[in-house]
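**Student:** Per this note's numbering, the sequence shown runs over residues 1 to 177.
Calculated directly from the structure, the hints in this document are not laboratory data.
A few of these clues could be false.
[Stated by the list, open to error] Derived lysine-lysine pairs resembling DSSO-like cross-links, with alpha carbons at most 30 Å apart:
hint, residue 1, residue 2
1, K56, K96
2, K88, K155
3, K40, K96
4, K56, K155
5, K165, K40
6, K96, K165
7, K56, K86
8, K40, K86
9, K40, K56
10, K157, K88
11, K88, K40
12, K56, K88
[What the hints assert, rightly or not] The following label-pair restraints were derived from C-beta to C-beta distances:
hint, residue 1, residue 2, range
13, L13, E36, 32 to 42 Å
14, F149, E36, 44 to 54 Å
15, I76, E150, 20 to 30 Å
16, R33, N5, 23 to 33 Å
17, L25, L168, 44 to 54 Å
Fair warning: this is a prediction, and the values are worked out from it, not measured in the lab.
Each residue gets a CB set at the ideal place from its N, CA and C atoms; glycine is no exception.
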Amino acid sequence: MNQPNWFQAIVDLLQAIIGGIAVALVIYWLDERRAERDRKLSDFRIASNWEVSSPKVSMRNFQLSDTNLSGYDLSIANLENTNFRKAKLHGTKFSKANLRRANFQATSLLGTKVNDVIAYHVNFLGARIGREKDVKEELPVDFSGSNLFEGSFRKAKINQTLFAKNNLVAQISQALL
1 MNQPNWFQAI VDLLQAIIGG IAVALVIYWL DERRAERDRK LSDFRIASNW
51 EVSSPKVSMR NFQLSDTNLS GYDLSIANLE NTNFRKAKLH GTKFSKANLR
101 RANFQATSLL GTKVNDVIAY HVNFLGARIG REKDVKEELP VDFSGSNLFE
151 GSFRKAKINQ TLFAKNNLVA QISQALL
C-alpha cells in the first residue's frame with residue numbers, strides 16, 4: 001500500500017499535458033480570430049475615412065471582405081492586393097486607383113466608377129457588375145480608360161457596363177453579359 005502506483009502517476013501526467021495543450025490551442029485559435037476581426041475593423045475604419053483623411057495612407061493588402069463601402073470615394077487610392085470579397089460597392093468611386101491584384105470575388109458593383117484605373121490581375125469571379133434593371137437614374141458601371149490586363153471576369157454577371165478605350169485582356173468565360 002505504501003508503494004507508489006507509477007502507472008496511475010504516468011496516466012495522470014499525460015492527461016495534464018494533453019489538457020494543457022488542448023487549452024493552449026483553443027486560446028491561440030480564439031486570439032487569432034480576435035486579431036483578424038480587429039484588423040478588419042481597423043481596415044474598414046481607415047477605408048471609410050480615407051476620403052477626408054490627410055495625409056492619404058496606402059491601403060495595400062487591406063482586408064475589406066464582407067464590408068459595405070457603398071457611396072465612398074476611393075479615387076486615386078492605392079488598393080493593391082486588397083480583398084473586397086463579397087463587399088457591397090454600390091456607387092463607390094475608384095477613379096484613377098491602383099487595383100493591381102485586387103480581389104472582387106462575389107462583390108456587388110452597382111453604379112460604381114472604375115474608370116482610368118490600373119487593374120492588372122484583378123479578380124471579378126462571380127461578381128455582379130452593372131446597374132439594377134429597374135433603376136433608371138443609376139449610372140452604369142464605368143470601366144472606360146482602365147487597364148484590365150489579365151483580369152478575370154469568370155462567372156460574373158455584367159449588365160449595362162461601359163468598357164470604352166481600355167486595355168481589356170481578360171478571361172470572360174461563363175460570364176453572363
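**Student:** Now, for every hint given, state plainly whether the structure supports it.
**Tutor:** Now for the hints, and whether the structure bears them out:
| no. | hint | in the structure |
| --- | --- | --- |
| 1 | K56 - K96 | holds (14 Å) |
| 2 | K88 - K155 | holds (18 Å) |
| 3 | K40 - K96 | holds (24 Å) |
| 4 | K56 - K155 | violated (34 Å) |
| 5 | K165 - K40 | violated (35 Å) |
| 6 | K96 - K165 | holds (14 Å) |
| 7 | K56 - K86 | holds (25 Å) |
| 8 | K40 - K86 | holds (14 Å) |
| 9 | K40 - K56 | holds (19 Å) |
| 10 | K157 - K88 | holds (15 Å) |
| 11 | K88 - K40 | holds (15 Å) |
| 12 | K56 - K88 | holds (23 Å) |
| 13 | L13 - E36: 32 to 42 Å | holds (35 Å) |
| 14 | F149 - E36: 44 to 54 Å | violated (31 Å) |
| 15 | I76 - E150: 20 to 30 Å | holds (23 Å) |
| 16 | R33 - N5: 23 to 33 Å | violated (42 Å) |
| 17 | L25 - L168: 44 to 54 Å | holds (48 Å) |
When the structure is compared with the earlier hints, violations turn up for hints 4, 5, 14, 16 and for no others.
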